[in-house]
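Enquirer: Read top to bottom, the protein sequences are chains A and B. Residue numbers for the first sequence follow numbering that gives the first Met the number 0, so the first one is 0 and each next one is one higher. Residue numbers for the second sequence follow numbering that gives the first Met the number 0, so the first one is 0 and each next one is one higher.
Rather than coming from a laboratory, the hints here were simulated on the basis of the structure. Keep in mind the model is a prediction, meaning the values are calculated, not measured. Wrong hints could be hidden among the right ones.
If you anchor each label on the Cβ, the simulated ranges turn out as follows [what the hints assert, rightly or not]:
no., chain 1, residue 1, chain 2, residue 2, range
1, A, Tyr204, B, Gly19, 28 to 34 angstroms
2, A, Val201, B, Ile43, 30 to 36 angstroms
3, A, Leu253, B, Asp5, 56 to 62 angstroms
4, B, Ile40, A, Asn46, 37 to 43 angstroms
5, A, Asn196, B, Ile40, 37 to 43 angstroms
6, A, Asn100, B, Val18, 39 to 45 angstroms
7, A, Asn100, B, Lys35, 20 to 26 angstroms
8, B, Ile43, A, Gly187, 43 to 49 angstroms
With a cut-off of at most 16 angstroms between alpha-carbon atoms, the simulated EDC-like pairs for lysine to aspartate or glutamate come out as follows [what the hints assert, rightly or not]:
no., chain 1, residue 1, chain 2, residue 2
9, A, Lys95, B, Asp5
10, B, Lys35, B, Asp5
11, A, Lys95, A, Asp225
12, A, Lys9, A, Asp64
13, A, Lys95, B, Asp64
14, B, Lys35, A, Glu92
Glycine is no exception: its CB is placed at the ideal position from the N, C-alpha and C atoms.
Here are the chains, one letter per residue:
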Amino acid sequence: MRTYLAFCKKEFQENWRTYRLLSMIAVFVALGIMNPLTAKLIPTLLNGMDMGGVILEMPDPVALDSWAQYFSNISQLGMLALIIVFCGLTANEFAKGTLINVLTKGLTRHTVILAKFTVASLIWTLSYLIAFGVTWAYTIYFWGYETLPHIVVTFISPWVFGLLMIGCLMLGGIAMSGIYGALLAAGGVVIVLNLLNLSPAVHRYNPVTLAGGTYGLLAGTSTPGDFIPALWICAGATVAIVVGCVLTFDRKQL
Amino acid sequence: MNSLMDLLPVIIPLAIIQVGLMVAALIHILTHSSYKMGNRILWIVVVIVVNTIGPILYFVLGRSDEERS
Chain A
0 MRTYLAFCKK EFQENWRTYR LLSMIAVFVA LGIMNPLTAK LIPTLLNGMD
50 MGGVILEMPD PVALDSWAQY FSNISQLGML ALIIVFCGLT ANEFAKGTLI
100 NVLTKGLTRH TVILAKFTVA SLIWTLSYLI AFGVTWAYTI YFWGYETLPH
150 IVVTFISPWV FGLLMIGCLM LGGIAMSGIY GALLAAGGVV IVLNLLNLSP
200 AVHRYNPVTL AGGTYGLLAG TSTPGDFIPA LWICAGATVA IVVGCVLTFD
250 RKQL
Chain B
0 MNSLMDLLPV IIPLAIIQVG LMVAALIHIL THSSYKMGNR ILWIVVVIVV
50 NTIGPILYFV LGRSDEERS
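With the rest of the complex left out, here is chain B (with noise of 0.2 angstroms):
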């Protein structure tokens, strides 16, 4: 039977993927005030909201080329 114990040597590495690349997502939110499109509280929901996928579409769609303000 699967224990939470066995199955930790998989969820601990995917779970640090995932909260890493909202975290890369989500600082470069806040660090930057214009996107390509949509708006912060947007873009804020879909990274927390849509794991893995979430920050992608943020970092292609809707980081925008400008430096940090």
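Just chain A, with the same shape it has in the complex (with noise of 0.2 angstroms):
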């Protein structure tokens, strides 16, 4: 347990001294002021543009614009964010060898690939939950307070899918010893789950729906049941994929 204190203390240095965490927290306070912005602005701008003798009536902007705003920024340019930030989790450690030292002075694998799940997770959290509050706050600043239905789970479903990316980061990143692994690894699996997708019936049980997909819960057209399982899903293989790094990591060769 004290070896993995330290080694999260360790990673959390490291991040910062990258600038990996103020660059997560810059990007996500970014996004968060962005989606109401967008949500006021876009009227104006079609409103603005020649369409050729088309007079497009939008309705005035409401709180919901914001929140609609706010899935597709975070499905898009949120996920773009995490992936390039901590493409170098697993593989750059290869690349310098820098755990070669630490692993034969007795720290354990599994205690290496935990800890950098953790803080990586926890930087994850910190940045989705400042991306949330900046864009609520501007929300009731524009639009004045509302309550927000089923609040848990649609808050909670694209923070896990985030974590599902760190993970499938990690694998790819030990399993193919290198950034371009790790990138292919999270990318592939965004590829073929947004391909599962093409099929009507499997968006219940489809982790990729919970990207984005949870909006339609504010807007009224589903129902938290409709992505209970792809969470539970999508938490099963969070752990699976943690627990295969960790199997991995044991046999590799550093």
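Please dock the two separately framed chains into a single complex, following the hints provided.
Expert: Shown next, in the form of structure tokens:
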């Protein structure tokens, strides 16, 4: 346990000194601010465009538009930032050979994996909460306070999908010993899940619907039950991937 | 109707973050002479042209671990 906490601290310092923590927070604050702003600006922008005589009657933006932007941005820009920042999480250690010293001094291999996953998840959690908080604050500022229905399921879903992405990046980085392996694993998983999503029958069970799909809960077009199976599958897959990381890393030649 | 004044409380913090990230990355580029990949001109262009994601790309992919020169 002591070695685990010590390695967590080292990981945290690494993320701080390599500007990763700073980048994540800056991107997610920016993302949080952009959502209400885009929602406010879209009608103005569309009205300003010359549509060749077609007159677009845009309704005034409402709080729901801001949340629509939130889910679309989190599932695209947010996931992109997460993947870019953490693609070197395990891959860089192989490239630099920095783990050999600590492992030969008696640090167990699963401690390394668990600590890396913990710290990356904590940073993701913090960034996600910041983006959510900023969007919520500005939405209240512009449109007044409204209670959000099913707040837990709605907002926990993209977060759980982010954890799955961190797991994929780690497993890819270990299995293929490089940044490209990590990117391939995370990108591959997203592409395969999106292809599976072509069939409506799997929507309920497909983790990728969690990334942005829970907007439907706010809009009232879906119920929490539509996402619960996918949530469990995503959480289960994340645990399985972390266990997979530990097992792969145990057999890995450094 | 949206007047610019209404949106100022949103635009100002957003601008501060984007300019802040850009300046931080530019300072880092100019005080270091070697990069993991690419060269100084490339990174300066990327950081200035691609907002928010550009500085992040530099910190993750371009920043070398060597001391400042």
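Enquirer: So, for every hint listed, does it hold in this structure?
Expert: Quick rundown of the hints versus the structure:
1. Tyr204(A) x Gly19(B): 28 to 34 angstroms: Since the Cβ atoms of Tyr204(A) and Gly19(B) sit about 42 angstroms apart, the hinted range of 28 to 34 angstroms is violated.
2. Val201(A) x Ile43(B): 30 to 36 angstroms: violated (46 angstroms)
3. Leu253(A) x Asp5(B): 56 to 62 angstroms: This hint holds: roughly 57 angstroms between Cβ atoms.
4. Ile40(B) x Asn46(A): 37 to 43 angstroms: holds (40 angstroms)
5. Asn196(A) x Ile40(B): 37 to 43 angstroms: Given about 42 angstroms between the Cβ atoms, the range holds.
6. Asn100(A) x Val18(B): 39 to 45 angstroms: The hint (39 to 45 angstroms, Cβ to Cβ) holds, given that Asn100(A) and Val18(B) are roughly 40 angstroms apart.
7. Asn100(A) x Lys35(B): 20 to 26 angstroms: Holds, since Asn100(A) and Lys35(B) (Cβ atoms, about 22 angstroms apart) stay within the stated range.
8. Ile43(B) x Gly187(A): 43 to 49 angstroms: Violated: the Cβ-Cβ distance is about 33 angstroms, outside 43 to 49 angstroms.
9. Lys95(A) x Asp5(B): Violated, at about 50 angstroms.
10. Lys35(B) x Asp5(B): It is violated: about 43 angstroms lies between the C-alpha atoms, which goes past 16 angstroms.
11. Lys95(A) x Asp225(A): Violated, because 44 angstroms separates the two Cα atoms, which is more than 16 angstroms.
12. Lys9(A) x Asp64(A): Between Lys9(A) and Asp64(A) the Cα gap is close to 41 angstroms, so the pair fails against 16 angstroms, i.e. violated.
13. Lys95(A) x Asp64(B): Cα-Cα ~11 angstroms, so holds.
14. Lys35(B) x Glu92(A): holds (15 angstroms)
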